[in-house]
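K.L.:
Chains as they are written, first to last, in the numbering used here: chain A, 1 to 304; chain B, 305 to 795; chain C, 796 to 1116.
Keep in mind that a hint or two might mislead.
[To be verified] Example chain C residues on the side facing chain B (calculated, C-beta under 8 angstroms, incomplete):
| id | residue |
| --- | --- |
| 1 | Glu-977 |
| 2 | Arg-979 |
| 3 | Arg-1051 |
[Claimed, not checked] Calculated Cβ distances over 10 angstroms to all of chain C for the following chain A residues:
| id | residue |
| --- | --- |
| 4 | Ser-80 |
| 5 | Leu-91 |
| 6 | Val-99 |
| 7 | Trp-108 |
| 8 | Ala-118 |
| 9 | Gly-124 |
| 10 | Asn-147 |
| 11 | Ala-162 |
| 12 | Thr-174 |
| 13 | Gly-261 |
| 14 | Leu-275 |
| 15 | Leu-285 |
| 16 | Val-286 |
| 17 | Lys-287 |
No lab work stands behind these hints, which were simulated from the structure alone. All C-beta atoms in this analysis are idealised placements derived from N, C-alpha and C, irrespective of residue type, glycine included.
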Amino acid sequence: MTVRRGPVALAVLLLILLPLAVSTDRFLTLANARAILASAALVGITAIGATLVMIAGSAVSMAASQTATLVAMVFLWTLSHGLLVATLLGLLTGVVVTVVQGLVVGYWEANPIVLTIAAGFAIGGGSVWFSGGTPVAAAGGGYQVLNATVLGLPLAVYVLLALAVLAQWMLRRTTAGRQMYLVGENRAAARAAGLPVGRVIAVAWAFSGLCLALTGVFLAAFNTSATTNLAGPLTLDAIAAVLLGGTAIAGGKGSALRTLGGAVLIAVIADVLLLRGYSTGIQILVKGVLVLGVVVLVHLRRRR
Amino acid sequence: MSEPLVVIDALARSFAGVPAVREVSFTVGAGEIHAVCGHNGAGKSTVVKMLSGQLAPDAGRILLAGEPVLLGSRQAAQRLGVALVDQELSVVPALTVLENLMLGDIDAPLVKRRRAAVARCREVLGDLGLDHVRPDQLVSTLSMGERQLIEIAKALSQRARVVILDEPTATLSEAESRRVHAAVRRVAARGCAVVFVSHRLAEVLDLCDTVTVLRDGRRITTRPAAELTVDRLIVEMLGEAPHRLSANRRPDPDLTHALRISRLRVPGRLTDFTLTARAGRIYALAGQLGSGASDVLRALAGLHPGATGRVSLRDRAVPFRSPVGAARAGIAYVSNDRKGEGLFLDKSVAMNLVGTRLNRLGGKALVPAARPLAARAGLDEVRLAEPVLALSGGNQQKVFVGRALDRPDVHALLLDEPTRGVDIGGRAAIHRLLRDAADAGLVVVFASTELEELLELGDVILTMRDGRVVETYQGGADGTVLMRDMTGEKA
Amino acid sequence: MRPERLVPGAALLLVVIVFALTPLGTGVPLASFDVYNALQGFAQIGLLALAIGLTMIAGEFDLSVVGTYAVGGMITVLTGQSSALLGLLIAVAAGALIGALQGGLIAWLRIPSVPVTLAAYIALLGLAYALSGGLSVTFKNQAATLWVDQTVAGVFSPRSLITLAAFAVAAVVLGFTRLGAELRAIGGDRRAGRVAGVPVERRLVLLFTMSGTLAALGGALLSVSFASANPDPGLRPLLIAAVAALLGGVSLAGGRGTPAGLLAGALAVALLAQIVTLAYLPDYSTQLFYAALLAVVVAIDSPGLRRTLDRLRARTRRAAA
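Here chain A stands alone, though its shape is the one from the complex (with noise of 0.2 angstroms):
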């Protein structure tokens, strides 16, 4: 019968982690906890939405950073109109620009991965016409508030955990999430069942684009200004993250709440490594060699 690998697995990364995490100078420290927690929350908001696109079995998308990049933009240079407004064109630019490859995806099984590296690409060119290829600096005030912090944690907190139940409650609760994962597990099933496959690939790439768009607009705030870098590498870490969850890439499989797991996981490691003294390098790679095993331990338990 199915020999649950993937706590055990967790199990042991966590006998190996925590003793060098207690171990670690000014690891158990309140100040440090919320410094993972912040870290983890941008990376983590991304990642949730992209679990529902892996989920549907569209693998990754490769867009994210220019996505958020763009959305940061156009939030910025439309908050003369007021936050209200600035945030609804910013979260409507990342929804419009994600489904449409979602709509290409879901309907004409178009490749994914290759399609988000053009659709990333496109959209960073685009922003880069935007933007004319200077800083786009806020173009109002307001948006202050979106860095506030409440009981010592930043907004982008709060968002990630409500947006974690969010997606974990329509993934388990709602139609439509239910689909996603009968459309990833098996899409000529779900196509011969006569279920909607194009329209729930749409929606799982539209709550993504949602989620890129409430980070991006967070990482305005935060930076006050946008260049074409501003995400960094978003796209990796969030893939990371939710392959470190435990998320099949071949779809079906995975859950939102693990993502965030997976997100606080790789904030933890990053934040040990840091304090021990070890480069942005190290920690790039532990994370690849992890996500790496992750993979094949997914796989294997999958084939069985």
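Based on the hints, put chains B and C in the right spot on chain A.
P.N.:
Below, chains B and C without anything else, positioned relative to chain A:
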């Protein structure tokens, strides 16, 4: 013929304790075309698999030119000169004819000697009457029949002594089939032993020298083809043929609930299929692979986007070129490919049962919602949370059929081979489910190749061959007659 | 004519014509230096295009090539300060090892190539960062830098000649041994290929070893030429390599493509970049152009589009009947 090239000596094989082939023996001489005939489950494919190295026999021997051989795998068999040509072609469409002939040929040098290879390729193609095919032509530009011939050419170019053809003409047009026949004759004339498996009995009698008939895993007879007729052959295959005297059901007079199909056409597969199927009755499409029976169902389910015709259900047009449209119009489809196109194997039984009606569930939990359906389909509700993968074939099929039951939005139930791979108990249960569904006012249409199933379940039986309906039987029907319709001469 | 010949041929011809016509727009006649520059651009992406193109022919997609490209460049710079050749050899050996490991996972555990190479890409990026401390590292072996970019016969350089040689070797190996047909069989119809006796697993390991080797060589040559190694080249080289491969007549579905086509695709992309430079077009316009091109190719390649067309055709046929 001094000594037979192939001797099959008391081969036996069982699966999970159930014997599929019991002590089958026959011989094939060099230059002989030897047919193996039998109805579903007679053991043909098991014999073919053992002879081509894909399956190890439990008992018995295979002798090649007097030597006992062990064929561990298809590749090993190939090395010993035994080549198999079956529905699952091994020609790669993305490669040229020449490349395909050389692919996996262990004798071919790693570095190609092009000129010699081209010359040899031309020679083999010429042998099979494929002079118009160029060695550097992509196989994807060839017709299915020509690909089949390339498969045979491949076997020849790899110096096969024994060529096994498993249903090589099932999906081919008549002209294409004739070319395959001509090629098979040439192969035999070169001194190969040919084993030919086909459900087209007229073809078998026309082409083959000798016929071995299998029934229930046993060899019934081996005779020269000249001594047989199609009717005689059918009697040998079926033994006591199942038949029935009258129709099972009276038609529901309410024609407004009917599924009306008019001139349904799928290019290359199905020609002008017309049927008015009334609610409350079960319609059986009797046809072998390539007959078009499956294609009727697939087209109605929206899986042949290139299909044309007119379809209505309950007097409303069915947009049958998309699966979503067909489902919305009230058509539920149960594919013959349970794993690839049917169930979500890693998902729970509950999820599979309610997966197509999630919108009626609201936010309710899956297992309680699936409980009544499980009871209806005869599944143990304790297993609702288990993945479908853990169920037996019969129970999996019950889940698949159960998925379409008790849905007020479903008016027509289409099933392709509803009991394939299902044990006897499961079969009866599924048949009962279908009868209940018809009684509840659904239109039920199924496709099958099994005579017992067709006769037991079909209120109206349509025999099909080569993409057309051969005959429609409303009342009494006889297995032998159905068999002749399905397998006889080309229309 | 077959698409794997038609597409690259047409693309290259079109770009060459436009290239020859650029003086009409710029008013400056073409010099051999412009061709040299175009070939330098070709050298920059050619090996990457070949690496990813070969994996695409076999129906796989190696996302890690950009990571190997970065690591290859970094290793060359770090180990080749005294002898560039030694650094290059170490880098290529590392690339082969990286490729072989991934190929092993993909072939023997039958894991799809995308997650494996994606995770490997992240890890390799980290490795490049870790090796360099996150900064660009300067290559002080100026003699090697000067040698690799010197003009040969007016338009070539050792770097572009090495790149061309790699294509030539690939063309000979795939064209004159059965490896070429086997790779296309693996990409076109893996099941049939296996039945026909292709050793699929061993070939996949070989394939990923090749792509790792080529990517590392490309990165190594680039860092020698630039006299520095960048730990994170971003996904841009991958985009351009993918465009080159698709223009080279490779299909995302696998089973189609030849080294000669890939060469034509890579040359077309390099000439295109040179045209953009000569015409003083803004950089983002090329980016948009490549992105649009790639998106269109991907959309055309998708199975759903074919179904939609079938449906439309059936509908019009009915209307005509």
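K.L.:
I'd like to know which numbered hints this structure contradicts. Please list them from smallest to largest.
P.N.:
Hints 7, 8, 9, 15, 16, 17 contradicted; others consistent.
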